[in-house]
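Start from chain D and add chain G according to the hints.
Each chain, letter by letter, is given below.
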Amino acid sequence: MEADTSRIEEYLESIYKLQEEQHPVSTSRLAEHLKLSAPSVSEMVKKLTGRGLVFQSEKGVCLTDDGKFLAKKVIRRHRLSERLLTDILGFKWDEVHDEACRLEHAISPEMEDRIAESLGNPKTCPHGHPIPDKDGKLAKEKVKPLCDLKAREKGIIVSVFEEDPKMLKYLASLGLIPDVCVEVEEVAPFGGPLIVCVAGSRYALGREVASKIKVK
Amino acid sequence: MLSCHGALKELKGSTDFVFVLAGNPNVGKSSIFNRLTGMGVVTANYPGKTVELNMATTTFKELRIGIIDLPGSYALSAVSEDQWVARRAVLDTSPDAAIMILDATNLARNLYMTLQFIDLGIPIVAALNLIDEAEKRNILTDTEKLSELLGIPVVPTIATTGQGLDELIEKAVEVAGKKSEIRYNVSYGTDIETNLKKLEDLLSRYNFRIASRALALLLLEEDSEFIELVEKNADGRIILGEVEKISKDIEQKYGEKTPIRITRERHGLAGSIASQVQGEITPAASDKLWAYTTSPLTGIPLLISVLAVIFAFLFYGGNLLSTIFSNLWAAYMSPVIDGAFFSLFGSGHIGRTLVWGFDAGILAALAVGIPYVLTFYFLLAFLEDTGYLNSVAFLTDRLMHKFGLHGRAIIPLVAGAGCNVPAIIGTRVLTTMRERTIASTLITLIPCSARTAVILGAVSLFVGWKPAVAIYIITLALVFFVGVGLNKVMPGSSSGLVMEMFPFRAPTISNILRKTWYRFKDFMFVAFPIVVVGSLVLGALYETGYLWRLAAPLSPVVENWLGLPAVAGLTLIFAVLRKELALTLLVTLAVVIYGGGANNLLRFMTPTQLFVYALVNTIYFPCVATIAVLGRELGWRRAISIMVFTIVLAILMGGIALRIISYFHLL
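Protein chains in written order, with the numbering used here: chain D, 1 to 216; chain G, 1001 to 1667.
Same shape as in the complex, but just chain D:
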């Protein structure tokens, strides 16, 4: 039974992540991601459908609200575990992902709370991905350009659309990459630039740059 739970969690987590790039998720893509054969994936998907965690459409699999909730819980535990491993246990960077993959299925809700608390309720994993809160909520889901935020508003970068690959790389080297939390500190008048805070540094971004960064 326990092994079953962790397998279900693994599936939900994968579907959730894949949904971000392709919605709904095709079984073949899911099989590829989980490194499993297509028939065994199809069988598992049937099982998940029976439990009301996913539903199938012509094009593939979608998570139900229950499924989404469970997936986010797993993601929360995974990302919290990564923080625990790097920040407190001093694990080496190249070991954390695999360790966290095992831990995420073994952590009880109470332990999850304790870990979060002792880490000071972090908002992101060490890679900068956001950690869903206890109720499985991520920050606002509505996507808008960074320049639409007002002073003191926060957002999570969804994408950095920039035709100029040099600019994209430059922004990335400053830590402005998807899934990173930004806070707008000041907005210059008359459509001027913004000052944003990212990971403890403050940058002024021209409006045309900020309009190409989408946040939620």
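FYI, nobody ran anything at the bench for these hints, they're computed from the structure. We treat Cβ as the ideally placed atom computed from N, Cα and C, and that holds for glycine. Please note: incorrect hints may appear among the correct ones.
[Claimed, not checked] Which residues of chain D face chain G? A partial, calculated answer using Cβ under 8 Å:
{"no.": "1", "residue": "K92"}
{"no.": "2", "residue": "F190"}
{"no.": "3", "residue": "P193"}
[As the list claims (entries may be wrong)] Under the rule of at most 20 Å between Cα atoms (straight-line distance), these lysine-lysine pairs were calculated in the PhoX-like manner:
{"no.": "4", "chain 1": "D", "residue 1": "K17", "chain 2": "G", "residue 2": "K1248"}
{"no.": "5", "chain 1": "G", "residue 1": "K1197", "chain 2": "D", "residue 2": "K92"}
{"no.": "6", "chain 1": "G", "residue 1": "K1253", "chain 2": "D", "residue 2": "K17"}
{"no.": "7", "chain 1": "D", "residue 1": "K166", "chain 2": "G", "residue 2": "K1049"}
{"no.": "8", "chain 1": "D", "residue 1": "K214", "chain 2": "D", "residue 2": "K142"}
{"no.": "9", "chain 1": "G", "residue 1": "K1253", "chain 2": "D", "residue 2": "K35"}
{"no.": "10", "chain 1": "D", "residue 1": "K214", "chain 2": "D", "residue 2": "K123"}
{"no.": "11", "chain 1": "D", "residue 1": "K216", "chain 2": "D", "residue 2": "K134"}
{"no.": "12", "chain 1": "G", "residue 1": "K1257", "chain 2": "D", "residue 2": "K166"}
{"no.": "13", "chain 1": "D", "residue 1": "K154", "chain 2": "D", "residue 2": "K137"}
{"no.": "14", "chain 1": "G", "residue 1": "K1257", "chain 2": "G", "residue 2": "K1245"}
{"no.": "15", "chain 1": "D", "residue 1": "K17", "chain 2": "G", "residue 2": "K1198"}
{"no.": "16", "chain 1": "D", "residue 1": "K216", "chain 2": "D", "residue 2": "K123"}
{"no.": "17", "chain 1": "D", "residue 1": "K123", "chain 2": "D", "residue 2": "K17"}
{"no.": "18", "chain 1": "D", "residue 1": "K134", "chain 2": "D", "residue 2": "K123"}
{"no.": "19", "chain 1": "D", "residue 1": "K17", "chain 2": "D", "residue 2": "K92"}
{"no.": "20", "chain 1": "D", "residue 1": "K92", "chain 2": "D", "residue 2": "K142"}
{"no.": "21", "chain 1": "D", "residue 1": "K137", "chain 2": "D", "residue 2": "K123"}
{"no.": "22", "chain 1": "G", "residue 1": "K1288", "chain 2": "D", "residue 2": "K150"}
{"no.": "23", "chain 1": "G", "residue 1": "K1198", "chain 2": "G", "residue 2": "K1253"}
{"no.": "24", "chain 1": "G", "residue 1": "K1061", "chain 2": "G", "residue 2": "K1012"}
{"no.": "25", "chain 1": "G", "residue 1": "K1061", "chain 2": "D", "residue 2": "K35"}
{"no.": "26", "chain 1": "G", "residue 1": "K1197", "chain 2": "G", "residue 2": "K1248"}
{"no.": "27", "chain 1": "D", "residue 1": "K214", "chain 2": "G", "residue 2": "K1257"}
{"no.": "28", "chain 1": "D", "residue 1": "K59", "chain 2": "D", "residue 2": "K46"}
{"no.": "29", "chain 1": "D", "residue 1": "K154", "chain 2": "D", "residue 2": "K144"}
{"no.": "30", "chain 1": "G", "residue 1": "K1197", "chain 2": "G", "residue 2": "K1253"}
{"no.": "31", "chain 1": "D", "residue 1": "K17", "chain 2": "D", "residue 2": "K35"}
{"no.": "32", "chain 1": "D", "residue 1": "K142", "chain 2": "D", "residue 2": "K123"}
{"no.": "33", "chain 1": "D", "residue 1": "K214", "chain 2": "D", "residue 2": "K166"}
{"no.": "34", "chain 1": "G", "residue 1": "K1198", "chain 2": "G", "residue 2": "K1248"}
{"no.": "35", "chain 1": "D", "residue 1": "K68", "chain 2": "D", "residue 2": "K17"}
{"no.": "36", "chain 1": "D", "residue 1": "K216", "chain 2": "D", "residue 2": "K144"}
{"no.": "37", "chain 1": "D", "residue 1": "K154", "chain 2": "D", "residue 2": "K214"}
{"no.": "38", "chain 1": "D", "residue 1": "K35", "chain 2": "G", "residue 2": "K1245"}
{"no.": "39", "chain 1": "D", "residue 1": "K92", "chain 2": "G", "residue 2": "K1145"}
Okay, now just chain G, sitting in the frame of chain D:
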């Protein structure tokens, strides 16, 4: 200016060790460089690049050590000029060690580039700088643990007092001596590392003159420079095919592009190391007081006052100094120089020509250089060191964008109203050649204090203050339209503002003075010879009478199109030496030609003529010092284009003004 290739080679040849100083902008890197080295700093640049490299030698325990101060940058990805120059210099010198200057108050971001250096496989020592600032903010760092996690020595330093610098060099010499024994402790995620290893093994069979691990990462990061390098190899296609395959694997696994994934890994690793040695840091709340400089309500009035102070400083302070200087020169230096030349060469053509060059010429260079350039450099260094320049850029970015510039351009533009020369050198705060060309062109159009003297002395005094104001309005409108026009016409587009906002740091006076001196020295070396030679040529033409013959073809333009007396046209040519000379010479020549009463200019020129004259003098042809600096900063091709452009514009505007004024009987 020295070329980097030669200068780096020379440095390497004449020293026992070569170290590079690397770090993010504004972490105290220059202070450390200044402390480590003496005054004998050599500046060099790569052809076509504006970002410069400073290098110097120092001795440590009888070892001669060459130190290269890399431009401050956030990464080594070569996506901006500073990064390109930093990376190129590291690859060209293959230094014995890199000294990474880290800001202890912002460790995670600073470690990003450290990791890139580690990937390059160069021996590294880290200086954990600004520990005093960090302590003030309750940030304590476990340096031993940091050293252990990175696998490199870490030395806490305070650049402003010099604390820890001896130990820093000692450690650098130590690691440079045992290159083969370096063992870094850092590694990225397992999947990335396994894939990297595969590529490394493949690449190690070739010699690309860069560490295999570094090259593997650069290829996965899709760095165009190194992809090109590999393409040229006979097996290039096979290697790049393998890179693509591995990149696809990573992409599939993480659901994001490989370059982004690697960047994320690096940021993540840097952040995790920082939090292990410093604990969780609450993000730096920006200095409350400092926030007033960027908040529009308080920032804009403050900005206007600061700009007004700079202007007033250059205009009144500079003018005062310039007058005093010129008077002292006329009283003490001129007689000596003139006497010497006349007694040696006689008072014929040769003697008088030499006096043009070595009396009037040197005075022209010094009378601009000392009062205006020196003053401006001091103010600029002060604004830079406090970090206020960035607040200014933030507030004015929107306006400057219309001209294809960004916010940092406002300071040189305003300084141009004092003197064009320092203003044009001040455009170094802009990053691309396009921005600097636009800004410099606009600066040459802004009436400097010398041209203001002509406007006031000719128009305001004899015609009235309203036409004088009109000249300012016309030139400002020109600046606006030329700016918008150049932005449309010139290829490329403005890069968009991305700039770090530094917390306020109290500037150190020694740092400011050093900066001011280096820049001033640079200016004198460049401008001085050109101004002297220019004066000699002009003097020779005048003394031999050739100038009149050269001026003859101009008379249709001057007399028919601009409606000015021919003699006035000639004074405009002399104004190339110093713009206010136009007026002085006009009065002198008027007296010579028309007799004593002509010092009331109205007796020999109409108000309309005076207006056109002042307008043309304001717009056309920058003075010789400005030309020298334009040539030096932008290259002679661009400098000559700007000169031709302003001449055409001046003649055009003068003629149009004449016709509008006559048609509507405005004056």
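Now the hints, each set against the structure:
no. : hint                : verdict
1   : K92                 : holds (7 Å)
2   : F190                : holds (5 Å)
3   : P193                : holds (5 Å)
4   : K17(D) / K1248(G)   : holds (17 Å)
5   : K1197(G) / K92(D)   : holds (18 Å)
6   : K1253(G) / K17(D)   : holds (11 Å)
7   : K166(D) / K1049(G)  : holds (17 Å)
8   : K214(D) / K142(D)   : holds (10 Å)
9   : K1253(G) / K35(D)   : holds (10 Å)
10  : K214(D) / K123(D)   : holds (19 Å)
11  : K216(D) / K134(D)   : holds (19 Å)
12  : K1257(G) / K166(D)  : holds (15 Å)
13  : K154(D) / K137(D)   : holds (15 Å)
14  : K1257(G) / K1245(G) : holds (13 Å)
15  : K17(D) / K1198(G)   : violated (27 Å)
16  : K216(D) / K123(D)   : holds (14 Å)
17  : K123(D) / K17(D)    : holds (18 Å)
18  : K134(D) / K123(D)   : holds (11 Å)
19  : K17(D) / K92(D)     : violated (25 Å)
20  : K92(D) / K142(D)    : violated (36 Å)
21  : K137(D) / K123(D)   : holds (12 Å)
22  : K1288(G) / K150(D)  : holds (19 Å)
23  : K1198(G) / K1253(G) : holds (17 Å)
24  : K1061(G) / K1012(G) : holds (18 Å)
25  : K1061(G) / K35(D)   : violated (60 Å)
26  : K1197(G) / K1248(G) : holds (16 Å)
27  : K214(D) / K1257(G)  : holds (17 Å)
28  : K59(D) / K46(D)     : holds (15 Å)
29  : K154(D) / K144(D)   : holds (12 Å)
30  : K1197(G) / K1253(G) : holds (17 Å)
31  : K17(D) / K35(D)     : holds (15 Å)
32  : K142(D) / K123(D)   : holds (18 Å)
33  : K214(D) / K166(D)   : holds (18 Å)
34  : K1198(G) / K1248(G) : holds (14 Å)
35  : K68(D) / K17(D)     : holds (10 Å)
36  : K216(D) / K144(D)   : holds (6 Å)
37  : K154(D) / K214(D)   : holds (12 Å)
38  : K35(D) / K1245(G)   : holds (17 Å)
39  : K92(D) / K1145(G)   : holds (13 Å)
Of the numbered hints listed earlier, those contradicted by the structure are 15, 19, 20 and 25.
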